[in-house]
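Enquirer: Work the whole structure out from these sequences, hints included.
Here are the chains, one letter per residue:
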Amino acid sequence: MKRSIRSARHGILPGVLVVVLSLVLPGICADIGGKMLIQKRDCVIRTEPSFIAAAAGTLKYHDSVLIREEKGQWRRITSADGKLSGWIHSTALATREMSFNDAPAPAEMKVSSGEVGLASRGINAAVEEAFRAGNKDLNFSAVDKMEAFSVRTEALSAFARTGKLAGEGR
Amino acid sequence: MNRRHGMMIGLAAAAAAVVVAGCASLQTDEADAAVLIKEFSPVDEYYIGRSVAATVLAQYKPSNDVALNEYVNMVGQVVAMASGRPEIFGGYHFVVLESDEVTAFAAPGGFVMVTKGLLKCCRSEDALAAVLAHEIAHIELRHGLYAVKQARMKRAFARNQMTDTMLIHGTRNVQQLNAQQFNLQMATMLGNTTFDITRKMIRSGYSRKAEEAADRSAVEILRKAGYDERAILDIFAVMKVKLSGDQRGFAMTHPAPVDRMEYVKPLVSADAGKSAPKARQDRFDEAVRGI
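First to last, the sequence lines map onto chains A and B. Here this note's numbering is used: the first residue of the first sequence is 12, the next is one more, and so on. Here this note's numbering is used: the first residue of the second sequence is 2, the next is one more, and so on.
A hint or two may mislead.
[Claimed, not checked] Chain B is faced by these chain A residues, among others (derived, beta-carbon under 10 Å):
| # | residue |
| --- | --- |
| 1 | 53 |
| 2 | 103 |
| 3 | 137 |
| 4 | 152 |
| 5 | 176 |
Treat the hints as calculated values from the structure; they're not laboratory data. Where a beta carbon is used, it is the ideal one built from N, C-alpha and C, also for glycine.
Expert: Next comes the structure, spelled out in structure tokens:
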């Protein structure tokens, strides 16, 4: 009786450890050579692992990349077509689509991209348009203005330097 | 042990069981919410954030002061880079609101809005950074999305499972009609989601637990960015004076500054050893002059 309880405990323990580890490890496990998806609309890829480093190029949402190297929270990636290489912060990456809304639409969907909004089944530009039509009192033009303003890397770099600020991601 | 003792022990045990069950169900609610939140994609979050920001900006006029907005955006980007979520779908964007109310709003997706009233509580760029760090922490921790009623989220995400069936079934005309209907359904969901979030943000505020989590995260962000984290205590001290007697903004939606100082003080090093360079104070003074 005692022996079987002990061996049962040993059998359970590794399983429990696996469950616990899979819960506490960060959601993004970037294995070198692993494939990940871009999570930003316009993602700047940098020449060095820093937000104030020069840009090597840009990638789009759901573009696929391969992980080549890890440095803290930064990943050196190459684009799927091999043309672009550089550094990106891990928060701009995910191992797969975030949710059902995000997954690619089935080929049988004959509706045009505008009708379901870029083949995304979640909230998207077409949905916002439908919402705005019934809520003309909301100030979307002010939001557009907020978004139109962007901070250039060179200016941000100078601002950080002059203010003696770290200016780097975690 | 006599019968009376036995009964009292029994009652105490029953009461303890009720409390434990209550806590467990609260934990289950939180766990349920955490699972549902994951159903929002970065794109969903971004569009929800736009609608929330559009609602706020219909009530609070944005400032046209280009130089002031540029400055706040610069400080905001430095702070965002040091946060736990420096990259977000559409990037972080900041705007100053023309209002004397001491308040700020952080919409999902990275839209941060701060009033002139709150800027006037800042005596340094580090204090402004503290304000922005707190707002960015709300976005990092998804407090806005957690304000969406769980029942609403469950209905919305359950419906999405039927979407493909609806959108691929039938002739092209049928599919087009279904797509239009689908967009209208989602527009209603967007409206209700926006309403849940803005009502929480503007009227009641987030929970005390959420505010404390945002303050704690802000201290770490400031430290990482190279700002003096003691500035967060400075701004609480100013707010303590400015908010007394006020019924609006932070006075309504946030814990009292005195309470916030209590839990932040132990986190902040007594001597951070960081003195801001003159250039940092000069550019702050220049930016806020004439607010």
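Enquirer: Each hint needs a verdict: does it hold in this structure or not?
Expert: Against the structure, the hints come out as follows:
no., hint, result
1, 53, "8 Å, holds"
2, 103, "4 Å, holds"
3, 137, "5 Å, holds"
4, 152, "9 Å, holds"
5, 176, "4 Å, holds"
Violation of the numbered hints given earlier is absent; every hint is satisfied by the structure.
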